[in-house]
Amino acid sequence: MSLVLTCLMDQGVLSRDSLEIIGAGKSIASELGAELAAAVIGAETGAICEAAGEYGASKIYSVQDAALENYYCEGYLAALEAVCRECQPAVVLFVTNAQGRGMAPRLARRLGKTALVDCLSFDADKETGRIVFTKPVFGGKAMAQVAMSDAPAVVVLRRRSFEPAQPEQVTAETIQVKPSAIPPNPFKLIERVEEQQEGVRLEDARVVVSGGQGLGGPEHFALLEELAGLMGGAVGASRVAVDSGWVSSSKQVGQTGKIVAPDIYLAVGISGACQHMAGCSGSKVIVAINTDPEAPVFGSARLGVVGDFKDILPPLINRVKEMT
Amino acid sequence: MQIMVCLKQILDPELPPREFRLEEGEMTPATEGVHLVMSPFDQNGLEVGLQLREKMPGTTVTAVTVGPEGAGDVLRKALAVKADRAVRVPLEQDCKLSGNIIAGMLAGAARELGADMVICGRQAGDWDGGQIGLILAEELGWPVANLVTGIEPGSGKLVLKCELDEGYEVLEGNTPLVAVVTNHETNVPRIAKVKDTMAAMRKKLELIDIDPQGNSLELASLEIPVKEVNCEIVPGEDGVEKADNLIKRLSELKVL
Amino acid sequence: MGLLGIIVFVIVLVAAVGLFARAVYQRYLILRLGKPEDRFDQIGERVKSVLVYVFGQKKVLDEAYPGLLHVFIFWGFLVLALGELQFFGEGLFPGFVLPLLGHSPVFFLIQNVFAILVLVGVLMACWRRYVVKPDRLDHNPEAAIILSLITGVVLTLFIADGLRAAMHPAGSEMAPVTVFLAGLFIKQGWSQSTLNTLYYAFWWIHALIMFGFLVFIPYSKHMHLIACPFNTFFRSLSPMGKMLQPINFEDEQETLGTQKINDFTWKQLLDLLTCTQCGRCQDNCPAYLSDTPLSSKRFINNLKDHLLECGKEIGSGNTSNSSENESLLEKSLIGSVITEEELWSCKTCGACQYVCPVMIEHVPKNVDLRRYLAMEEASYPSGVDNAIRSLEDRGHPYKGTMASRSSWYRDSWVEDLVKENNKEVLFWVGCTAALDDRNMKIAQAFAELLKRSGVSFGILGEKESCCGDPARRLGNEFLYDCIARENIELLKNYKVKTIVTTCPHCYNTFKNEYPQIDGEFSQKYQVYHHTEYLAQLLKEKKLTVESSFTETITYHDPCYLGRYNEIFDVPREVLQNISGVKPVEMQRTRGRSFCCGGGGGGAWTEEEGVRVNHMRAEQVFESGADVLCTACPFCMTMMNDGIKVKQAGQDKVVKVYDLAEILEIATQKTDI
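Chains as they are written, first to last, in our numbering: chain A, 1 to 324; chain B, 1 to 256; chain C, 1 to 672.
Calculated from the structure, these hints are not laboratory results. Source: prediction; values computed, not measured. There may be inaccurate statements among the hints.
[Said to hold, decoys possible] Straight line, CA to CA, 30 Å or less: simulated BS3-like cross-link-like pairs of lysine-lysine:
| no. | chain 1 | residue 1 | chain 2 | residue 2 |
| --- | --- | --- | --- | --- |
| 1 | C | K646 | A | K321 |
| 2 | B | K195 | A | K284 |
| 3 | B | K82 | C | K260 |
| 4 | A | K321 | B | K254 |
| 5 | C | K331 | A | K310 |
| 6 | A | K188 | B | K195 |
| 7 | A | K321 | C | K242 |
| 8 | A | K310 | B | K248 |
| 9 | C | K463 | B | K248 |
| 10 | C | K331 | B | K55 |
| 11 | B | K157 | A | K126 |
| 12 | B | K195 | C | K652 |
| 13 | C | K441 | A | K310 |
| 14 | C | K59 | A | K321 |
| 15 | C | K260 | B | K193 |
| 16 | C | K646 | B | K193 |
| 17 | B | K193 | B | K203 |
| 18 | B | K195 | C | K463 |
| 19 | C | K331 | B | K195 |
| 20 | B | K157 | A | K188 |
| 21 | B | K82 | C | K331 |
| 22 | C | K242 | B | K195 |
| 23 | C | K260 | A | K310 |
| 24 | B | K193 | A | K113 |
[Unchecked claim] Covered stretches of chain C, going by a simulated chain A footprint (3 or more residues, C-beta under 8 Å):
| no. | stretch |
| --- | --- |
| 25 | 215-227 |
| 26 | 555-563 |
[As the list claims (entries may be wrong)] Short derived list, chain C residues pointing at chain A, Cβ under 7 Å:
| no. | residue |
| --- | --- |
| 27 | L100 |
| 28 | G102 |
| 29 | D437 |
Don't be surprised by glycine CBs; every beta carbon is placed ideally from N, CA and C.
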């Protein structure tokens, strides 16, 4: 029976990213009639192995080594390579976090393959084992369907594009894998700075209020902050706003920025470039506020308000204030 | 130190979606009347290389591209911001989803040039493959730092700042290495000085021939997505009315 | 006067004239630091300029109060100069009579009258300078010294002349002040010799003040007495739109743009020496009025101070300081004499030079300095770098636009010359009208008007590119040159004979700047701004007004249409053709129109503090208009934003339209 291998890089608790990988892995496995497996790497892998089992992985490959206490690409890659050589998976899954982006192409190369990064969906054929993944190209202006017929297909799924897995107890078998050698980190870590976010994390926010070129300058972001604050949400921005220096790059939503999937995504003065919409297309309701009724953003929005944000946001803020 | 910066000429990513068309019956975009530019992340990579050269005397920056003769335009741009050398690895065929092939050719160029460091942009703005630098590192057997925003010299070593999902990390490493660069306010590409632009037009582009090897991924189809969302325009005479109606609709949709 | 007196007088005279001449010669040597520039064409026209602007004081009189006081003093002094000949002559050689005039009582009357006018002028000046204290005037002792000297000259002249008339009244009968003072002195019952002594005392005081004044002139802002006639003679005779000089990139250029003082031309240096610090430029400078670091007046005067500093050693024969002098000449102006921020604050609106009474050309100096920053240093303010890069990569300055050049029209609605090359009239849409959502409506309205008039026209669609104006104003002359040459070549592929555009910047570039590159451009193409073209269509009855447009409209003169090309009346006439239109003018209008803030790269820079477009919007509200009519896409964008911001708290809603949009509404056939 072929295997769909999900690569879980967490320590201690399963992250939302990993749950999405498992969620996607489950559906791919069921389409292919394959078994769901998980690779778990760390100094102490027990908790994650157990969690992976709780979420439906029936085979769990654990690489446990003191050297692997913290993530570093070189070591984790060697561990994963060992797992792949051990279990010969048909599909290896990552998500587009820094780890997934950094490891997948290298792992694929080591296995003599080319990875496919940033996939939104898949279509699997049980008979042939051929899976076609859909991936946005040209900044989202086109969708490429790429056939991955050679095993293993190394694929990086787009974050927030697959439903996270639900718990489902199966009998899981844990296999300890011992790589022949774990290479040291070729880089010395000088410091790691976790960016402190005020309020809610952009990716976790239920409401995201984003501003773009149409805001015309950094000063109007205060309005967005106020509204987001009142709604318990976070502020995002388009690349133009970031490149113009109006807000920090950590607020950038889009294909090469943060991928968000809130309940409400309020796009203010954002024209609706594909690269940007790619970062918020998973939102439940996209609301566009733009002066130009022809702006492409209305093509992706569920609700549209045609008008100047300076006329609309202040009364909107007042209404939200009244409600809370 | 010899820095090799990999540059790709791509279809202008700023091309508005409504102008984006595909060649009739082919799985490739129409290029008629569309500007070709240097891929944005490669511009950031070039800037990182140039900044490092300024801080490390004796460093040279060589711009390398893989592609047909026309792709030489990006090399001219690199020369205009004073890259020391410009090398084209000729490749006539249209290579899409061919990270392996291109990375192999670039690795060959790096060996030929005797490079100590290779800088790549994190992903090209056309096929968004996002892996050249990483495969290249595997080919060369060099360590690779991903999502680098800047490199500084530091006590005989190099200090690399890399973006993480939340925040950043600072790494110390030695050459040879590969740096995969992402955009940051510190690596906004510089604008060429006019005299350098004029001089760049007269400079000779070097050629290095390397055989393409490897396979491309199989492109099954390429489509321009049809947006299915029907946008409902919230009515209202003025801002207040529109805001009220918006709140109402959001409540009805049960997201508020 | 005895021989000794005459000798002393001659010595003093020679000394004063010598000092004066030496200073003027030094100033002349300073000018020779500048690069060559040909300003010797059209001599007749140049002489006429001197007559009109120097003797006629035409521009000075643009402002009534300061204009009038200046005319009093200026003409007073011209007339008094003749009287001085008589005055000095009779003092030196008793009984001297100026031929023809010296016997005429009318001559003395005129002298008296003009002397009084000078005093009136001085009083008006004092009132303004020391009581009204307008912001534009500096507070330094120079003005006080000059006003005192002038007063001294006139008063001593009166007293000496009165004393003279008390002794020999002949000739002065009609001169009231002289007669009055002579009467006063006679009443004192002084002896002839006392009168004579007093007369010579005041005669000498007068002479010394005069000589002092003469020597003071070249060292003070009163240098303009000498420099202004020359600066007026050598003034630019072309429309303001031609003021930037092209660079020939074929030649090896030592420095691109202006970095050091001697990178300016001699005429540009003469401009600096001519400035009188009247401050009219600053009063009309949007950069100054919106509290940016730039003041057009300070700009010129800082350069002037630096120039004089550089010139101090030249021609003095003192070579000991020459090395220091060298270093002054080698000093980069940018960062020391003028900051980058000041340079980028200029909107190139040209109001400064439009109002300058002594014909100083401010804007080209600024752009020349920008050229150095842009081309030698590749240094731009934030926001502008993106525009420049986008211009280089895709031929328009709007990075991030979601539109393309074919977004504003529906297929087959307008004809694309690229598809079928069969039209003589080209509608050059321009980047802003093609790529900015609000401005697309202008392109649509104008195309609709052309169709309605039966004009057979085409566009270049995706082949169109930027005209190069933004690059040129931002100092990247090289990029402008490349774009311009490409466009000139592109146009050669078509049968086009007429180019009409809705953008005054494109218009100015085609009309005034491409001919600098292609000498035949103006013969090959008729260039129109759409306001001109629409006026012509109305005149030819190809377009008829069908319905009224009942609004109070104020027209905002775009800088590049008004000041740059002197098109002030045409758009107003078009508006007057529309029934129902009630025109009102803003306080700052026509040649003194206030910039929208979008020119000279302003559309791409972030303004801090007060924004120019907000100020202009306030002026719109002050005018009481319901509709603001513009004729420029930059003005449309800037004013639309400005009006929106300033709308809060206003009791009426102001709408912003382009002239074409208003005319499009008014010429719609009404179905009855």
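Now for the hints, and whether the structure bears them out:
1. K646(C) / K321(A): 25 Å, holds
2. K195(B) / K284(A): Judged against 30 Å, a Cα distance of about 53 Å means the pair is violated.
3. K82(B) / K260(C): Holds - the C-alpha atoms of K260(C) and K82(B) are around 25 Å apart, at most 30 Å.
4. K321(A) / K254(B): Distance of about 18 Å is within 30 Å: holds.
5. K331(C) / K310(A): 48 Å, violated
6. K188(A) / K195(B): Roughly 41 Å between the alpha carbons, so the hint for K188(A) and K195(B) is violated.
7. K321(A) / K242(C): 57 Å, violated
8. K310(A) / K248(B): 20 Å, holds
9. K463(C) / K248(B): Distance of about 47 Å is beyond 30 Å: violated.
10. K331(C) / K55(B): 27 Å, holds
11. K157(B) / K126(A): Answer violated: K157(B) to K126(A) is near 52 Å, above 30 Å.
12. K195(B) / K652(C): Judged against 30 Å, a Cα distance of about 54 Å means the pair is violated.
13. K441(C) / K310(A): 22 Å, holds
14. K59(C) / K321(A): 59 Å, violated
15. K260(C) / K193(B): 19 Å, holds
16. K646(C) / K193(B): The hint is violated at about 40 Å.
17. K193(B) / K203(B): 15 Å, holds
18. K195(B) / K463(C): 28 Å, holds
19. K331(C) / K195(B): OK: K331(C) and K195(B) at ~21 Å, within 30 Å.
20. K157(B) / K188(A): Within the cut-off at roughly 10 Å; holds.
21. K82(B) / K331(C): It holds: about 26 Å lies between the C-alpha atoms, which stays within 30 Å.
22. K242(C) / K195(B): Given pair K242(C), K195(B) holds - Cα atoms ~25 Å apart, limit 30 Å.
23. K260(C) / K310(A): 46 Å, violated
24. K193(B) / K113(A): Cα-Cα ~43 Å, so violated.
25. 215-227: Violated - the stretch 215-227 of chain C has 0 residues with a Cβ nearer than 8 Å to chain A, which falls short of three.
26. 555-563: violated (count 0)
27. L100: Hint violated; L100(C) Cβ to chain A Cβ min 71 Å, cut 7 Å.
28. G102: 72 Å, violated
29. D437: Where the cut-off is 7 Å and the nearest Cβ of chain A is about 4 Å from D437(C), the hint holds.
In this structure, the hints that do not hold are numbers 2, 5, 6, 7, 9, 11, 12, 14, 16, 23, 24, 25, 26, 27 and 28, in rising order.
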